[in-house]
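> Dock chain B against chain A, hints included.
There are 2 protein chains.
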Amino acid sequence: MNKRTAFFISDGTGITAGALGKLLEHFPNTSFTQVRMPFTDTLEKIKSARTSIAQAKDEDNARPIVIMTLGNLELRSTLKESDAYFIDLFNTFIDPLSDELGQKPLRGAGIAHSVMGSKYNDRMEAVNFTLNHDDGMTNSGLEEAQVILVGVSRCGKTPTSVYLAMQFGVKAANYPLIPEDFERGTLPAALNKHKDKIFGLTIKPERLHAVRNERRSGSFYASLDNCRNEIATAENLMRHAGITWADSTSRSVEELSAIILEKIRRPA
Amino acid sequence: MNKRTAFFISDGTGITAGALGKLLEHFPNTSFTQVRMPFTDTLEKIKSARTSIAQAKDEDNARPIVIMTLGNLELRSTLKESDAYFIDLFNTFIDPLSDELGQKPLRGAGIAHSVMGSKYNDRMEAVNFTLNHDDGMTNSGLEEAQVILVGVSRCGKTPTSVYLAMQFGVKAANYPLIPEDFERGTLPAALNKHKDKIFGLTIKPERLHAVRNERRSGSFYASLDNCRNEIATAENLMRHAGITWADSTSRSVEELSAIILEKIRRPA
Numbered sequence: 001m002n003k004r005t006a007f008f009i010s011d012g013t014g015i016t017a018g019a020l021g022k023l024l025e026h027f028p029n030t031s032f033t034q035v036r037m038p039f040t041d042t043l044e045k046i047k048s049a050r051t052s053i054a055q056a057k058d059e060d061n062a063r064p065i066v067i068m069t070l071g072n073l074e075l076r077s078t079l080k081e082s083d084a085y086f087i088d089l090f091n092t093f094i095d096p097l098s099d100e101l102g103q104k105p106l107r108g109a110g111i112a113h114s115v116m117g118s119k120y121n122d123r124m125e126a127v128n129f130t131l132n133h134d135d136g137m138t139n140s141g142l143e144e145a146q147v148i149l150v151g152v153s154r155c156g157k158t159p160t161s162v163y164l165a166m167q168f169g170v171k172a173a174n175y176p177l178i179p180e181d182f183e184r185g186t187l188p189a190a191l192n193k194h195k196d197k198i199f200g201l202t203i204k205p206e207r208l209h210a211v212r213n214e215r216r217s218g219s220f221y222a223s224l225d226n227c228r229n230e231i232a233t234a235e236n237l238m239r240h241a242g243i244t245w246a247d248s249t250s251r252s253v254e255e256l257s258a259i260i261l262e263k264i265r266r267p268a
Numbered sequence: 001m002n003k004r005t006a007f008f009i010s011d012g013t014g015i016t017a018g019a020l021g022k023l024l025e026h027f028p029n030t031s032f033t034q035v036r037m038p039f040t041d042t043l044e045k046i047k048s049a050r051t052s053i054a055q056a057k058d059e060d061n062a063r064p065i066v067i068m069t070l071g072n073l074e075l076r077s078t079l080k081e082s083d084a085y086f087i088d089l090f091n092t093f094i095d096p097l098s099d100e101l102g103q104k105p106l107r108g109a110g111i112a113h114s115v116m117g118s119k120y121n122d123r124m125e126a127v128n129f130t131l132n133h134d135d136g137m138t139n140s141g142l143e144e145a146q147v148i149l150v151g152v153s154r155c156g157k158t159p160t161s162v163y164l165a166m167q168f169g170v171k172a173a174n175y176p177l178i179p180e181d182f183e184r185g186t187l188p189a190a191l192n193k194h195k196d197k198i199f200g201l202t203i204k205p206e207r208l209h210a211v212r213n214e215r216r217s218g219s220f221y222a223s224l225d226n227c228r229n230e231i232a233t234a235e236n237l238m239r240h241a242g243i244t245w246a247d248s249t250s251r252s253v254e255e256l257s258a259i260i261l262e263k264i265r266r267p268a
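If you read the sequences in order, they're chains A and B. By the count of my numbering, the first sequence reaches residue 268 at its end, each step adding exactly one. By the count of my numbering, the second sequence reaches residue 268 at its end, each step adding exactly one.
Hints are computed from structural coordinates only; laboratory data are not their basis. It is possible that part of the hints are untrue.
Any copy, or any two copies together, can satisfy a pair, since identical chains are not distinguished.
The calculated DSS-like cross-link candidates involving lysine-lysine, where the alpha carbons are at most 25 Å apart (straight line), are [what the hints assert, rightly or not]:
1. K193 to K263
2. K47 to K57
3. K104 to K57
4. K80 to K3
5. K47 to K263
6. K3 to K104
7. K22 to K80
8. K22 to K119
9. K104 to K119
Next up, chain A with everything else stripped away, as it sits in the complex (with noise of 0.2 Å):
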């Protein structure tokens, strides 16, 4: 397989230079080396990163991909005096950005990403908010949810709500559907006032029983038997209730997140 380092240097965060790199998943022919430069905000520090691209060059045989989001001008060409590829995120969005706006962009280091970005307090209200409301831990402030998630146990509604809550700063609660939802054949008590912001997820018996056997291997909880019976009873509660709902099985977080805010944002 064909070998490539790809760097991300930038002098904030990295995070969105970072980001693109999800986008050499559609190459899966080559295997990437990826290595992270934040806070590259010196020309000395620059002149390392030189020195590692030329020997990342050297080591794989081709030239490095380099990511780059560098503010100040002379950083920037300094680094591209490297034999390397470069992804410019300043020259390639934001100077024609700038053209389009009419307007000067702020050029300081790591403006993406601080604290005075774009709704960061309330991203970090909503991450308090969906720890304190995991798993039905409690009942109080349901009101307050933008999104309660309803499942059996270990379907992937922890891991959802807190990248709903971190990335978009939406208060998901969860709540377990549990062995005595199932016998009385409804929603629990305190989420039926909820409804309209109820969403469901499920997975298919055989991965349940894999997830569930990780932690308690051989258990009754954990058998195939149990997990297709909890899971075929939690479909029919939900059909029953009205709940819109979807699998997690071959679903990342970040699927089942935009799933799930195109249901809150525009609800049927």
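Relative to the frame of chain A, chain B by itself:
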């Protein structure tokens, strides 16, 4: 203030396109309305997107910014018939990268953020680990942690740990420094054998006072005097134990995480 609408239109989650939305923070004199349209993978949805773009243009009296990741060529060219300023990540990145790598890209929808993506399982495992090792909840398994954050209560340990896990797949435990540690004047005993992976967070007393007051208004715990005391003692304790720390007062979780990753990956 100028108004513009920024559309993020993707055949997948829209996360990669959305990440570039952060670059809009470089233009603080424009007020952006951000509209996400994930899973835009049919001609019908593209047409509906075009209608929204035209409406936004009328309302803002300026053409919208459209940041797009669409693998399908027909969908892409149909969307581009709209009157908007386009940032086409396929055109700008994937196609040139394809030339550079001498390799055709995968063009299916949603490749970047599928569960097939690199390291997805590691990330989810790290999130579980982190939530199970929040706030000194347990000492068991600390040897598996890649970093252990310490600091006074409410200085930002939890959201930073969760971000490290979710974004980077780092198993990040966190441990509060509490009055009994201050009296004893040493780190909690459970941490002694893990000193090499401890990272400290601190915060300005005024900010801590404000944060604690939101939860327990008027308490001794939240008083400015107590906050000053706890912070001074915690910093002393960390100094004596030789622990590196960062001030969270004006840093985002993205910035703190980038600092911590630097420390983990390139120990002094």
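> Each hint: holds or not?
Hints, one by one, checked against the model:
1. K193 to K263: For K193 and K263, only the intra-copy Cα distance (18 Å) is at most 25 Å; the inter-copy one is 48 Å.
2. K47 to K57: Answer is within; shortest intra-copy Cα gap is 15 Å, inter-copy 45 Å.
3. K104 to K57: between (36 Å within a copy, 22 Å between copies)
4. K80 to K3: For K80 and K3, the Cα distance is within 25 Å only inside one copy (21 Å; across copies 35 Å).
5. K47 to K263: Answer is between: at 20 Å across copies they meet the 25 Å cutoff, but 49 Å inside does not.
6. K3 to K104: between (39 Å within a copy, 16 Å between copies)
7. K22 to K80: both (22 Å within a copy, 24 Å between copies)
8. K22 to K119: both (24 Å within a copy, 11 Å between copies)
9. K104 to K119: Answer is within; shortest intra-copy Cα gap is 23 Å, inter-copy 38 Å.
Against the hints set out earlier in the document, no violation occurs for any number.
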